[in-house]
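Undergrad: Add chain L to chain H, keeping to what the hints say.
Top to bottom, those sequences are chains H and L. If you count the first sequence from 1, position 50 lands on 50 in our numbering, and the numbers rise without skipping. If you count the second sequence from 1, position 347 lands on 347 in our numbering, and the numbers rise without skipping.
Take these hints with a grain of salt, some might be off.
To be verified - DEER-style ranges, computed between Cβ atoms:
{"hint": "1", "chain 1": "L", "residue 1": "L285", "chain 2": "H", "residue 2": "P31", "range": "31 to 41 Å"}
{"hint": "2", "chain 1": "L", "residue 1": "S34", "chain 2": "H", "residue 2": "R325", "range": "22 to 32 Å"}
{"hint": "3", "chain 1": "L", "residue 1": "E133", "chain 2": "H", "residue 2": "E65", "range": "52 to 62 Å"}
{"hint": "4", "chain 1": "L", "residue 1": "H305", "chain 2": "H", "residue 2": "H85", "range": "46 to 56 Å"}
Hint data in this document are derived by calculation from the structure and do not stem from the laboratory. Note that beta-carbon positions come from the ideal geometry of N, C-alpha and C, so glycine has one too.
Protein chains: 2
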Amino acid sequence: MTDIVFPDRQVVHDAPSRIVLIVLDGLGGLPHPSTGLTELEAARTPNLDGLAARSSLGMLLPVSEGITAGSGPGHLSLFGYDPIHFNIGRGVLSALGVGVDIRPGDVAARLNFATFDEAGRVSDRRAGRPSDEEARRVVAKVMEELEQPDGVEVRLVPEKEHRVVLLVRGEGLGAELTETDPLETGVEPHPLEALSQGSEVTARLLRRVLSDVRDILADEGVCNGFLARGFAAYEPYPTLNERFGLRGTAIAKYPMYRGVARLVGMTVDRIPDSVEGTVDALEALWGENQDLYFLHFKDTDTHGHDGNFDGKVAAIETVDALVPRITALEPDVIIVTGDHSTPTLYREHSWHRVPTLLHSPWARPTAEAFGERSCLGGDLGRIHGTELIPLALAHAGRLVKFGA
Amino acid sequence: MTDIVFPDRQVVHDAPSRIVLIVLDGLGGLPHPSTGLTELEAARTPNLDGLAARSSLGMLLPVSEGITAGSGPGHLSLFGYDPIHFNIGRGVLSALGVGVDIRPGDVAARLNFATFDEAGRVSDRRAGRPSDEEARRVVAKVMEELEQPDGVEVRLVPEKEHRVVLLVRGEGLGAELTETDPLETGVEPHPLEALSQGSEVTARLLRRVLSDVRDILADEGVCNGFLARGFAAYEPYPTLNERFGLRGTAIAKYPMYRGVARLVGMTVDRIPDSVEGTVDALEALWGENQDLYFLHFKDTDTHGHDGNFDGKVAAIETVDALVPRITALEPDVIIVTGDHSTPTLYREHSWHRVPTLLHSPWARPTAEAFGERSCLGGDLGRIHGTELIPLALAHAGRLVKFGA
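Here chain H stands alone, though its shape is the one from the complex (with noise of 0.2 Å):
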């Protein structure tokens, strides 16, 4: 457990400076075979090296050594909260993601549309990605269709492709729950049971809506089911604003990530469309009286899942050239870092240490690039992600000494 804490109770004050947090999703990356320099490394970033050259900088770890951070964990740290203890678990991410109004006692799940045979074995675990518009018209048929148990709401809300959330809100809920992805085909799923005693009303209520759904679904002929994973009951976190008196706002393209950032209190109102977008919209809302501004970057991580080498400098490159419209803002801090490493030699989220740059007038530069192996020699060391914060707030001026 990593989790801050801050020796005095009046540690945190309010102050007026800016916090630009940048995340490019799995920044880190391995040196290519034939160049020995990562993507990073490789990526012709002069502004990132320029802002380089003016801050401390550092490797981050966002869970602990040898663990490999999931997108909500990776957030978490780095939003502060220490991922082992703010464990939220799969389902609520994605409800919050989609923006479902989920409240404390809820019960949330990923279900992804899967193929069953006639036997009832799961020939398509993702039902061929159906499209996003095509997934609507089948859940819309399930709500439509779907007798709800007594006293308890059952929702379903579509994510992308075969992704759906589901939302059960009633009296006395557990989530200690099994999955029911078998994660093979040609088996049956597994079946959905209740690990401890608070949640076996749950299974069997929610035992028998997958049976009504595929009794629903049994005309169709590809999204014929669903597979459940990750259930969770929502239990609200303590906010950016009481624990570090920190007004947030995220500006992300994806559910998941506006997700992770409404689950610690911040504002998602702006959704950007594109990677220049997210851009358009720290401008857009630099005005307003907020204190952090979280901006979320896909691309890196989408390429390194890809295996695309040449792809994951290039959504660096493209970052990079953004940079001087982000300085010219004169935030009190920009801090660039990402949630985890995708590799794109590994093509998967890796344990590996995040490249992490963390500028303001206060910053101790040791180098003169960003890249994994300017920010081992730096001044911020090897750090945990949930250090981040601290950093950023000391830098930003916002702790007041502790003792005299």
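TA: Chain L in isolation, oriented as in the chain H frame:
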């Protein structure tokens, strides 16, 4: 909580070895815009550089990332006491600093002489910084005329200029009290209120005392009342000897630092009157049976607060010139560090890590100079303040092996 836990009960044993802990107050700095060098990097320090070449180097964190340490927490950390766990109030620190005989259960506070106008508003929060002599005169007047509350002893002891220590002794006292300093002029002081039921009697009693003092000083033009801060009850700490088998002695000119040293059980018999006098005292004490010699040098911090880059550089060079006299004594371990950073560009204590050198025959040297950037890559790496004493004990041959 990073307090030290030794893995074995008998891990500390007596050994005829001596450790010198040299603290340059506020040592850490930030690079000067025109040279890119910090105060320590800019200073000509042939002796410290020579020592660094035979030392393990590192960057020390007094409290936690982003947290700016006051002098009390900063020194406690260096002495091996986690300052968040061992959180002592300013009042107790001040009382220890002026050498008051403070006992368990006593409540202490820092009083500042202030000037009140006829309407009872604060017109000068420090009463024009009276001379020590003037402060002593007014305190004596108060002590002579103040009627002691029943069963309670109230004592005022002048500290320096406007600073006075309040000591309250009696049964069932509490220190959970609000401060009266409004932190601005032209307004009335805040009321002194209890934050818990156990402190209500004390609150009532001290409100009466502060009111009586105003009556007694009604004819004084300048020092005509007090503002009260930093209430704290005194609970003695386990000593350095109890925790680490170390008999320590402090050589410090200023009361505050002797106070923290006394708090952890150091003797504080020698009070040097100059920078050179600090080493005179060390030489005089060297024959005595001590294990840890704590030398405090204040000027680096003072110049940092004044924003005097060259002054801080010169203060470092002055200490550097004394190093040969210290090494000539052949201590088993020499540590040079600071209790926090006070960058001249920042003009205040800051949260930045502190360059640190640990010299012994068992060091792993990595650089030929003592500075922020040379320490970044050192063998000690990024250590927490409380890790220094275990390292010193190890280098001094005072720790037995853990396990076979």
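Undergrad: Evaluate each hint against the coordinates.
TA: Comparing the hints with the structure gives:
1. L:L285 x H:P31: 31 to 41 Å: violated, 56 Å
2. L:S34 x H:R325: 22 to 32 Å: holds, 29 Å
3. L:E133 x H:E65: 52 to 62 Å: 60 Å Cβ-Cβ, so the 52 to 62 Å window holds.
4. L:H305 x H:H85: 46 to 56 Å: violated, 38 Å
The structure fails hints 1 and 4 (numbered hints given earlier, in ascending order).
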